[in-house]
Structures are given as C-alpha cells and as structure tokens.
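Model the full structure from these sequences, guided by the hints.
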Amino acid sequence: MAANNRRTPLERVEYAIIVSTLLLLVVVTVQPLLNLLAVSLSDPAKLPGMSGMEVLPRGLSFDVWSLLINHPNVRAGLLNSILITGVGTLLNIIFTALMAWGLSRPGLPGRRILFIMVLVTIVFDPGIIPDYFVNKRLGLLDSYWSVILFKLVNAWYLIILIRFFEEIPQELLDAAELDGSNAFQTFWYVVLPLAKPALATITLFYIVFHWNEFFRAMIYITDQGKWPLQVVLRQFVIGGDKLAIVGVDAANNYTGASQIDLRALKAGMIILTIVPILVIYPLILKFFTKGTMSGALKG
Amino acid sequence: MVARQEQQLAATASNGNVPVAESANRLLPSTANFGAKVRQWWPYYAMMAPGIIFFVLFHYLPIWEAKIAFEQVRIIPPNIWVGIKHFQVLFTSPVFWQVLVNTLIISGMKMAFVFPVPIIVALMLNEVRSGSLRKFIQSAVYLPHFLSWVVIAGVFIAALSPSNGVVNDITGFFGGQPKSYMTDTGAIRWVLVFSEMWRSAGWDSLLYLAAIIAIDQALYDAAEMDGANRWQKILYVTIPGIVPTIATLFILNAGMFLSADLNQVINFSNDVVRSQIDIVDTYVYRIGLQTGEYSLATAAGLFKAVLGMLLILLAHLFSKRLTGKGVW
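Top to bottom, those sequences are chains A and B.
Quick note: the first sequence, position 287, residue 287 per full-length UniProt numbering, numbers continuous.
Quick note: the second sequence, position 188, residue 188 per full-length UniProt numbering, numbers continuous.
What the hints contain is simulated information worked out from the structure, not anything from laboratory work.
Note that this is a predicted model, so its numbers are computed, not measured.
Just so you know, even glycine gets a beta-carbon here, dropped at the ideal spot from N, CA and C.
One or more hints might be untrue.
Unchecked claim - Short derived list, chain B residues pointing at chain A, Cβ under 8 Å:
1) Ala112
2) Ala140
3) Pro144
4) Leu147
5) Gly154
6) Asn267
7) Val284
Right under this line is the structure:
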C-alpha cells in the first residue's frame with residue numbers, strides 16, 4: 001500500500017466494514033469446527049440443551065474421546081489411513097520425481113509423445129466403471145494397493161515438477177558429469193537437493209490427497225478392517241445409527257457407551273479426522289501459499 | 001516480470017542441450033539412429049519406467065476397458081459386441097436426462113454464486129493493511145480447502161441440524177421455524193452451493209490475490225496523483241488488472257461443467273433429496289457399481305467423458321486466445 005496516512009473519516013468507516021466482513025468470514029469458517037470440538041468435550045448430561053452456536057464445552061468430559069480412541073474401527077481406520085498416506089506419499093514422490101526428471105530433459109527421444117500421453121489423461125477420464133474393472137483385473141480389489149496405486153503419479157504435480165526441473169541450469173549438470181557422476185547420481189545428489197521446496201510442496205499435496213480420499217476405499221475395499229478413517233467417519237456421520245457406531249460388542253465392553261450421545265460421537269469423530277491436517281497445516285500455509293502465489297505469477 | 005524473464009532465460013539456456021550422459025558424444029552426426037539414442041538415454045527411461053507403467057495401467061487400460069459400453073456383458077466370456085445399443089437406451093431414459101439437467105443446474109448455480117466470492121474476498125484482503133491481521137484471516141479461511149468432503153458433510157449436517165444446529169439456532173433467534181435443510185428438496189441444492197463456498201472461497205481468493213500483487217504499483221501511484229479514492233483505485237486499477245485471471249478461471253470452470261463434484265454430492269445425498277442432486281457421476285456409480293448395469297453406466301460415463309473433454313479443450317483454447325495462458 002502506498003504511503004497514504006491522511007485518511008478521511010469515511011475511509012476509516014470503509015476500512016472498518018471491510019475488516020469486520022472478513023472477520024465475520026473467519027467466524028463462519030471456524031465456528032462450526034469449534035462447536036464440534038466443544039460438543040465432543042462436553043459433559044453428556046449437559047449436552048441436550050447445548051446450542052450449535054456455543055464454542056466452549058459445557059462441563060468437561062473425555063468419555064467420547066476415550067471411546068473413539070478405543071473403538072476398534074476407529075483405531076483400525078487411523079492405522080489404515082496412516083499406512084495408506086505414508087506408503088502412498090512415499091511412492092508418489094519417488095516416482096513422480098523420477099518421471100519428471102526424465103521428462104524434463106530436452107533431448108530425450110520420445111519426450112514429446114510421453115508428455116502428450118500424460119496430458120491426455122488429464123483431459124480424458126473414461127470414468128469409474130472401467131477403472132473398477134482394471135482394479136479387478138489386476139487383482140487389487142480389497143487390497144490397500146487399490147487406493148495407493150491409482151494416483152501413483154499425479155499428472156498435474158508431474159507437470160509442476162517438470163517445469164521446476166527444466167529450470168535447473170545445464171552447467172550444473174555438466175559439472176556434475178565432469179566429476180564422473182552418472183545419471184542416477186546426478187539425480188540423487190544434484191537434482192533432488194535443488195528441488196527440495198518443490199518436492200516439499202508436492203509431498204504435502206499428496207499427503208492431503210491420501211488422507212482425504214474416501215471414494216476409492218469405499219468402492220474397492222469391502223473388508224472393514226482395511227477401511228481408512230474417512231470411510232469409518234462416513235459410516236459414523238452419514239450412515240449414522242448408534243448401534244452401528246458403538247457396535248454390539250463395544251456397547252457391552254464400554255459400560256458408558258450407551259449413555260454417550262450420538263451427536264457428541266459424530267462431533268468427536270469429525271474432529272479426530274481433521275487433527276492430522278491441522279498438524280501439518282502450518283507447513284501447508286508456508287509451502288502452498290508461496291507455491292500458489294509464485295505459480296500464478298509465472299503463469 | 002522478473003520471474004518470467006528468468007524462466008525464459010532458463011528455457012533458452014536449456015534448449016538444444018545435450019543430456020548429461022550423452023555429452024561425450026556431442027559430435028555424433030545427427031543421423032545417429034534411434035536405437036543408439038535410446039541406448040544413450042537408457043538411465044532416464046529406467047527412471048521413468050514405473051511412472052510410464054502406471055499411466056498405461058491406470059489411465060490407458062481403463063480407456064480400453066471402456067469398450068464394455070459397446071458390449072453385452074455375459075457371465076461366461078466373451079462379451080458380445082452390440083454397438084451403440086446402450087447409448088440409445090441411455091438417451092431415451094428420462095432418468096438420464098434428469099441427472100444431466102441436475103448436473104447443469106448445480107454447476108450453473110455454483111458458477112453464478114460461488115465463482116464471484118473469492119474475487120470479492122481477494123479484493124477485501126488486499127485492502128487489509130496490517131500484515132499479521134491479513135495472515136490471521138487467511139490461515140482461517142484457507143483451512144476448509146484441505147478438509148475432505150466427508151468431513152465437510154459432517155460439519156454441515158451438524159450445523160444444519162433442526163434441533164441444535166447453528167443455522168436454525170440463529171434463524172430461531174429471529175423467530176424462524178426450525179427447518180431440516182438436508183432433507184428439504186427445495187434447499188438441498190443451495191446446501192451444495194454454500195458448502196462449496198465454505199470450502200473454496202478462501203483458498204481460491206489466493207489466486208486472485210497473487211494476480212493483484214502482480215499489478216504494477218506505479219499504476220496505483222498514478223491513480224493517486226489523479227486523486228482517486230479507494231473505490232476508484234479498485235474499480236479502475238485492481239479489477240482491470242485481474243480480469244485476465246478472472247476470465248481464465250471462469251473458462252476453466254466452464255470446462256468442468258459436467259462434473260458437479262461427485263465427492264461432494266455423494267456425501268450430501270440421502271433418499272429424500274436424491275432426485276434433486278443426482279448428477280451424472282452419482283448416476284454412473286449407482287447403476288454401475290450398485291445395480292450392476294455395467295454397460296449402461298460405462299456408456300453414461302463415456303458420454304460425460306467425451307463431452308467433458310471437448311469442454312476442457314475448448315476452455316483451454318479460449319484461455320490461450322484470451323490471455324496467452326493455457327491450462328497446461
């Protein structure tokens with residue numbers, strides 16, 4: 001903003017309106033989440049009268065959270081999600097970087113054809129039924145691989161990385177080669193360290209993607225023990241009857257379970273699913289914001 | 001600007017470069033045969049191989065599998081080729097036309113009501129002078145972009161609950177009757193619109209904000225010399241400055257018109273409101289994977305894919321024509 005300190009009263013009012021509108025937007029964004037957190041932490045006895053506007057728990061009880069943490073489906077879901085996200089992201093980043101590196105080399109024979117082959121997949125998607133049959137044919141149904149492999153290389157992120165690799169000065173690569181480095185060594189010791197910011201951004205993209213994915217798991221994984229957290233959450237919140245959630249066995253094991261409010265359970269489950277995103281959120285803000293800004297600038 | 005120049009420099013610098021592994025053979029005649037070239041480049045092909053295999057298996061094999069749309073599935077293979085029979089069934093099916101219309105209506109509503117919001121948010125954010133206040137607002141409003149649709153549906157189901165949801169609590173405060181928005185056929189499309197807004201308005205403003213920051217500061221200074229106030233600066237400098245970005249994103253959204261977001265709809269759907277928000281993708285999912293009419297579902301999916309592809313290519317073309325910037 002230009003140095004303009006002479007502000008008229010009208011301008012001050014305008015400014016106040018703008019800032020309060022934005023703060024209202026913040027409230028609209030955050031309040032529903034805070035309310036859910038408060039509901040999940042409230043004393044079950046005081047819950048019935050609790051309004052959706054409140055953001056502080058009424059009383060304090062960790063019953064819902066301890067039930068959730070000990071719930072077999074939730075536990076399995078958490079572990080499955082961590083497994084899928086961890087293995088998936090690792091494979092994603094390795095194979096995306098390798099392919100991007102190859103495609104970024106100007107003289108590579110067939111480079112253009114391969115690039116077009118990638119572009120086609122962005123534009124044309126034959127839909128979920130053929131995809132289902134491919135997974136079936138490859139024997140991936142009911143296996144973690146059906147959710148891990150299908151976006152092994154994301155075409156968009158691949159293109160971002162290709163653009164990034166293309167900017168690495170050729171002199172640097174030549175120098176490495178003069179030192180006796182082969183193509184693999186150059187990639188590992190020169191290219192990857194240079195690409196750290198881009199790789200970090202794409203890693204976060206992949207983490208968020210894997211963590212939030214539910215549709216594939218829902219159609220490809222029938223074994224409930226392999227469900228990721230999102231599918232368990234879906235069963236809780238959208239499928240939502242209490243017995244299904246607490247489970248007949250669990251209802252017997254946890255004496256308090258039948259007293260626990262369904263609303264609080266759902267609320268806790270939603271918050272639990274968000275926690276990992278919140279943990280990496282500062283990183284997301286740091287990398288994504290910068291990346292998106294400079295990406296937009298460069299066009 | 002500087003960034004762009006650097007990029008161009010980098011591009012010219014790396015053009016016509018000889019690969020690392022090959023530089024010893026720089027003086028080879030250009031007629032060197034293809035096989036020799038491939039041999040020189042083998043480490044790169046080895047590195048790319050898993051990625052290429054992935055694209056073939058998970059993107060090109062499905063295209064081949066889509067032939068089922070032209071076949072009669074039999075329990076004992078092989079399937080019989082029936083040509084466009086399933087497409088004829090599809091196009092004479094009232095249900096299919098209904099889901100097509102639903103898709104267009106929902107996309108249209110999002111275009112009209114969700115699309116402008118991030119522009120307004122960006123314009124407002126740009127006026128915030130305090131850096132820390134702006135950062136605080138941004139870190140709050142960006143968050144929903146990173147939540148799954150399952151989570152967002154859960155948040156909305158809670159917020160719209162007739163008994164203790166925040167929305168009904170507020171309307172009740174002003175004397176309104178509690179309303180069950182999630183099971184109201186008249187309201188459910190608006191629920192889709194608002195949940196999309198909640199999710200994307202903040203994050204999408206980032207792109208416009210980036211465009212605003214790229215505007216030459218001299219233009220603002222000149223406007224100030226001419227005595228422009230805040231609104232005049234926004235109207236005559238900022239908005240014209242981001243019109244190309246607005247146009248590009250608008251065209252891109254238009255390219256996505258046949259995808260009203262499966263993940264969203266599938267989580268906001270229930271038996272009461274299904275007829276209102278059943279879109280092509282949920283239709284394909286339902287008749288394909290739930291009812292087992294694979295051929296018909298694939299035909300519907302292919303129809304959407306082909307139309308969608310044309311729209312995206314058109315959007316790309318327009319975007320390039322308009323701003324010189326393509327989608328890829």
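Worksheet item: Which numbered hints are broken by the structure, listed smallest first?
Response: 1
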